[in-house]
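Engineer: Take a look at the letters that make up each chain.
Number of protein chains: 4
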Amino acid sequence: MQGKFGVHALVFGDAWNETTARATCRAAAEIGYDLVEVLMFDPWTLDLAATRKGLADSGLGLRLGMALGPETDISSDDPAIAARGVAAVGRALEIAADLGAPAVSGITYAAFNSYAAPQTAAQRERVVASLAQLDKRAGDLGVKLGLEPVNRYESYMVNTLDQAVALIRDTGGQNMFVHADTFHMNIEEGDIPAAIRRNAAHIGYVHVAESNRGALGGGHFDLKGFFSALASVGYKGDFTVESFSSRVLSTALIGGVRLWREAWADAAKVASSALLAMRAAKAAAEDANKVW
Amino acid sequence: MQGKFGVHALVFGDAWNETTARATCRAAAEIGYDLVEVLMFDPWTLDLAATRKGLADSGLGLRLGMALGPETDISSDDPAIAARGVAAVGRALEIAADLGAPAVSGITYAAFNSYAAPQTAAQRERVVASLAQLDKRAGDLGVKLGLEPVNRYESYMVNTLDQAVALIRDTGGQNMFVHADTFHMNIEEGDIPAAIRRNAAHIGYVHVAESNRGALGGGHFDLKGFFSALASVGYKGDFTVESFSSRVLSTALIGGVRLWREAWADAAKVASSALLAMRAAKAAAEDANKVW
Amino acid sequence: MQGKFGVHALVFGDAWNETTARATCRAAAEIGYDLVEVLMFDPWTLDLAATRKGLADSGLGLRLGMALGPETDISSDDPAIAARGVAAVGRALEIAADLGAPAVSGITYAAFNSYAAPQTAAQRERVVASLAQLDKRAGDLGVKLGLEPVNRYESYMVNTLDQAVALIRDTGGQNMFVHADTFHMNIEEGDIPAAIRRNAAHIGYVHVAESNRGALGGGHFDLKGFFSALASVGYKGDFTVESFSSRVLSTALIGGVRLWREAWADAAKVASSALLAMRAAKAAAEDANKVW
Amino acid sequence: MQGKFGVHALVFGDAWNETTARATCRAAAEIGYDLVEVLMFDPWTLDLAATRKGLADSGLGLRLGMALGPETDISSDDPAIAARGVAAVGRALEIAADLGAPAVSGITYAAFNSYAAPQTAAQRERVVASLAQLDKRAGDLGVKLGLEPVNRYESYMVNTLDQAVALIRDTGGQNMFVHADTFHMNIEEGDIPAAIRRNAAHIGYVHVAESNRGALGGGHFDLKGFFSALASVGYKGDFTVESFSSRVLSTALIGGVRLWREAWADAAKVASSALLAMRAAKAAAEDANKVW
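Protein chains in written order, with the numbering used here: chain B, 1 to 292; chain R, 1 to 292; chain D, 1 to 292; chain C, 1 to 292.
Treat the hints loosely; a few may be bogus.
Once the Cα atoms are required to be at most 20 Å apart in a straight line, the calculated EDC-like pairs of lysine to aspartate or glutamate come out as [unchecked claim]:
| id | chain 1 | residue 1 | chain 2 | residue 2 |
| --- | --- | --- | --- | --- |
| 1 | B | Lys269 | C | Glu286 |
| 2 | D | Lys290 | R | Asp266 |
| 3 | D | Lys290 | R | Asp77 |
| 4 | C | Lys53 | C | Glu71 |
| 5 | C | Lys290 | B | Asp238 |
| 6 | R | Lys269 | D | Glu286 |
So the derived label-pair ranges between C-beta atoms look like this [to be verified]:
| id | chain 1 | residue 1 | chain 2 | residue 2 | range |
| --- | --- | --- | --- | --- | --- |
| 7 | C | Glu71 | R | Gly32 | 27 to 33 Å |
| 8 | R | Glu18 | B | Arg169 | 33 to 39 Å |
| 9 | B | Lys236 | C | Asp98 | 40 to 46 Å |
| 10 | B | Lys4 | D | Ala166 | 30 to 36 Å |
| 11 | B | Arg169 | R | Gly172 | 36 to 42 Å |
| 12 | B | Arg52 | D | Val291 | 16 to 22 Å |
| 13 | D | Arg279 | C | Ala265 | 40 to 46 Å |
| 14 | R | Ala15 | B | Asp140 | 49 to 55 Å |
| 15 | B | Lys4 | C | Gly100 | 44 to 50 Å |
Derived by calculation from the structure, the hints in this document are not laboratory data.
A virtual CB, placed ideally from N, CA and C, is assigned to each residue, including glycine.
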């Protein structure tokens, strides 16, 4: 596996301005990461200059995350909301091209967070049509668009790798991929290695998160099994750790991700341990997949 | 371990009237279950006569589940809502005494489902005071009150066994216990056997559910490890399987539990396999805990 | 997966005569097994008539196991011993053809049990040549020859699936397969699902045994993960449970397999639970490998 | 958990003289280990001066391992052999006292390697009597005597923690403890955390080894679960990694431990990764056992 290692900027906090971007990128680079991921709830307000400076200063590569909201939900029955969603993803793809990020990925197919009713056929058709249009836009810009299956409480539309691949297939997209996240897979996938094998050709990016979204190792997610399954299917993409603690997040984000506990106090320590854990799991996976 | 095996009535559907109560109880008894669990979103509307007939007809024992809602939230800042919640749990305890159920348990400490902000100190104090009052009522009625930790998306207050035990301790309750549920534990607990060992003295009831809430065995929850940990601490309570499929539930409940997929089609088959799986895990746990 | 379920006759004891063959086959068929496996330490002395009667009486299919000994070791530097080994495997293949068994498999490539030095190049070449000859004989007879990797204490030559496949490749055999055994895999394989995936095309038969060779479920072998990995590669072969207890074995065999404890007392109960456990694991694996 | 980390000298090779002792101790100390373990097949020939120099030069602490052989088997029916065994263990205890090691532990109750028959009552009684005598000797010398359960192929007497504790109890020893080894536990224990909990009061030392005795992480042993179970019972002892590769061992030892494959090529790299893996597992275990 050739993948590089990244850390989600939310590990260090959810403010993203010149000061925090510089501090986060420096901390990540010092620990030894190759990449930092920045999440856009709203691509129109991302501080591009701060992002550029943070990257230039640290030498890190960039991954761009995204989560649509109720006012930018491309699955919405309200055409104005759906159109705003398409515009937001389009803008995000332009930012990726502009900043040199290879892709935009995350909850790019519907609004983040809870719905009280199952998706309708019309909602899904609308999403397929919009994603087809965005896939073309991505191709024109030379970037990719990733769909991240999230758990049932965060989306009513794409909870599993199989569902993400089905959506990509229906869309006919040539520039789309599945963005796998272990926190969500722990909740939704029946057999995690089997899901990886079935959908191997489409997995383009990975979020490594503990089963309780705390520090890697403090939960029961089978990290070694996960890396081993990816190694066995020849996954070549990157690995970005994601972990949240109420210690470093704003109240708004705490409420948004339903994070009611202080999982840990020291972001740099968590990021540092996570890199060791991912490297060890990757090395073990390669060892476990070698022929004796 | 002496525990009996139960099945949640929701496995067969969420309508509970004379017809469905009889059919569900008969099916459960025929499969070999000892107990059925009935969930009250609203104890005032539970069909007592239908429940009595279903139990008498089948010979099953009863477990009563409960989930407070936004209008009966004992943690609410609105005194009228909080008072309605206390009344609702009180009524549920009376029903338990009346129907011969040993306890009421579930989300009995706050409303089911999502909050956008962390609990305040005032909210927790209110819950402690109300639970203390309800604990006394339970004692007077000769029944118990159980607190079920649920995942972060379903409650902002009690997500782990540790938190439930802390709440019981603060309450000073003599008639309260923790109701463990494996679906939620898979998301929230760091080390499941360790959490069981730390809180062993308080665990009074168990929901056995797969990691994806589908059929037992179709996910990755370590059923044998769970039963083994319970056996090692001398757990003597019951085990009730819970599994949801959109095939058998109303749209309202599907939305409520965010169940976007048809996990399975045949309730009796799922209930039957689950009983075999629980018996096998219990036997294996006893075997694994014996001294060679 | 289409595979049938079998039980190893050693679960019921190591005497194999008209009385025990009939009793074992009847017990296995009553429990619901499709197949019985009979182990030949010495093919010349197998009671063919008793075997035929047991099978005819019960309607069971037959699997034939084999373990070469120090006097029939085809890897031996002593040409007389090596020749006796080739003759013994050849005789076993004839028996398979005669009794309608699809194959002979087990420790067919060297003597069972311990060696004090690594294999030499000459020993391995001799084995390759002899297996090539036996592969041809198997083809002529219309049966197959299986190589079972066993743990380091039971063989100095083939401990892993990879090694067995390498031996088959060097032999150029067209009628050979790998016979996987979970007791040995638990000791020798790095990553069990990865080993299955790498060698999928050659796995032709499976022994299901607990990590401590006791009752299925009483150890820590990940049965569901094993069946899931086999399902994911399209394994179509059979599954035979193997479990030993000093209660039912002769002192000679107890010493041979180093079985110093009474793992269980009731063979029929162990065989019965094992069938339930294998069926459950197979069903769960198919469920876990289905697309949601 | 307060335990220190050690590395078995066999990771670097099985020659132990002034040159290798110095090189091994230096390498271990540089990697960050606190302790080195030296194995005595024959305590009479251990190079005490080389050991002292290696320790003094590196600042490492010492653990002493031991394995009785056929000529020093305290379980032997031959009184001369049994007496030589008692003398050998006694000599080893004196060396421990002399070199400042806290204990001698390993296969101290019978000969290492294979037996063809179960133990007799007379053999066990003899071992109990001899261990009682050696326990007193250990007490007089101010050191401890540890019994290491090993797998069925390496001993016919003590394969599980339960068996070791039973032997200590029968002996009435006040200076004895159980020395747990994960390679053997993976083969012999039914439920590893349960075995740890049952025997917690007696576990005094731990060998951390992968399921296939290769590099830590390259097998499937659940390191985190193991450390978590030890943390949950308050284990305070040390952790020593053991891993064998044919690359660094003599042919005699390769035959003795049935090590037919080159598990790895670089001892320092394996030792270094193992220390990271043990530290990570210990930290994760402490995290997993904390109350949220």
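Engineer: Work down the list of hints and note, for each, if the structure agrees.
Structural biologist: Hints and how they fare:
{"no.": "1", "hint": "B:Lys269 - C:Glu286", "verdict": "holds, 15 Å"}
{"no.": "2", "hint": "D:Lys290 - R:Asp266", "verdict": "holds, 16 Å"}
{"no.": "3", "hint": "D:Lys290 - R:Asp77", "verdict": "violated, 46 Å"}
{"no.": "4", "hint": "C:Lys53 - C:Glu71", "verdict": "violated, 30 Å"}
{"no.": "5", "hint": "C:Lys290 - B:Asp238", "verdict": "violated, 32 Å"}
{"no.": "6", "hint": "R:Lys269 - D:Glu286", "verdict": "holds, 15 Å"}
{"no.": "7", "hint": "C:Glu71 - R:Gly32: 27 to 33 Å", "verdict": "violated, 59 Å"}
{"no.": "8", "hint": "R:Glu18 - B:Arg169: 33 to 39 Å", "verdict": "violated, 47 Å"}
{"no.": "9", "hint": "B:Lys236 - C:Asp98: 40 to 46 Å", "verdict": "violated, 57 Å"}
{"no.": "10", "hint": "B:Lys4 - D:Ala166: 30 to 36 Å", "verdict": "holds, 34 Å"}
{"no.": "11", "hint": "B:Arg169 - R:Gly172: 36 to 42 Å", "verdict": "violated, 58 Å"}
{"no.": "12", "hint": "B:Arg52 - D:Val291: 16 to 22 Å", "verdict": "violated, 42 Å"}
{"no.": "13", "hint": "D:Arg279 - C:Ala265: 40 to 46 Å", "verdict": "holds, 44 Å"}
{"no.": "14", "hint": "R:Ala15 - B:Asp140: 49 to 55 Å", "verdict": "holds, 52 Å"}
{"no.": "15", "hint": "B:Lys4 - C:Gly100: 44 to 50 Å", "verdict": "holds, 47 Å"}
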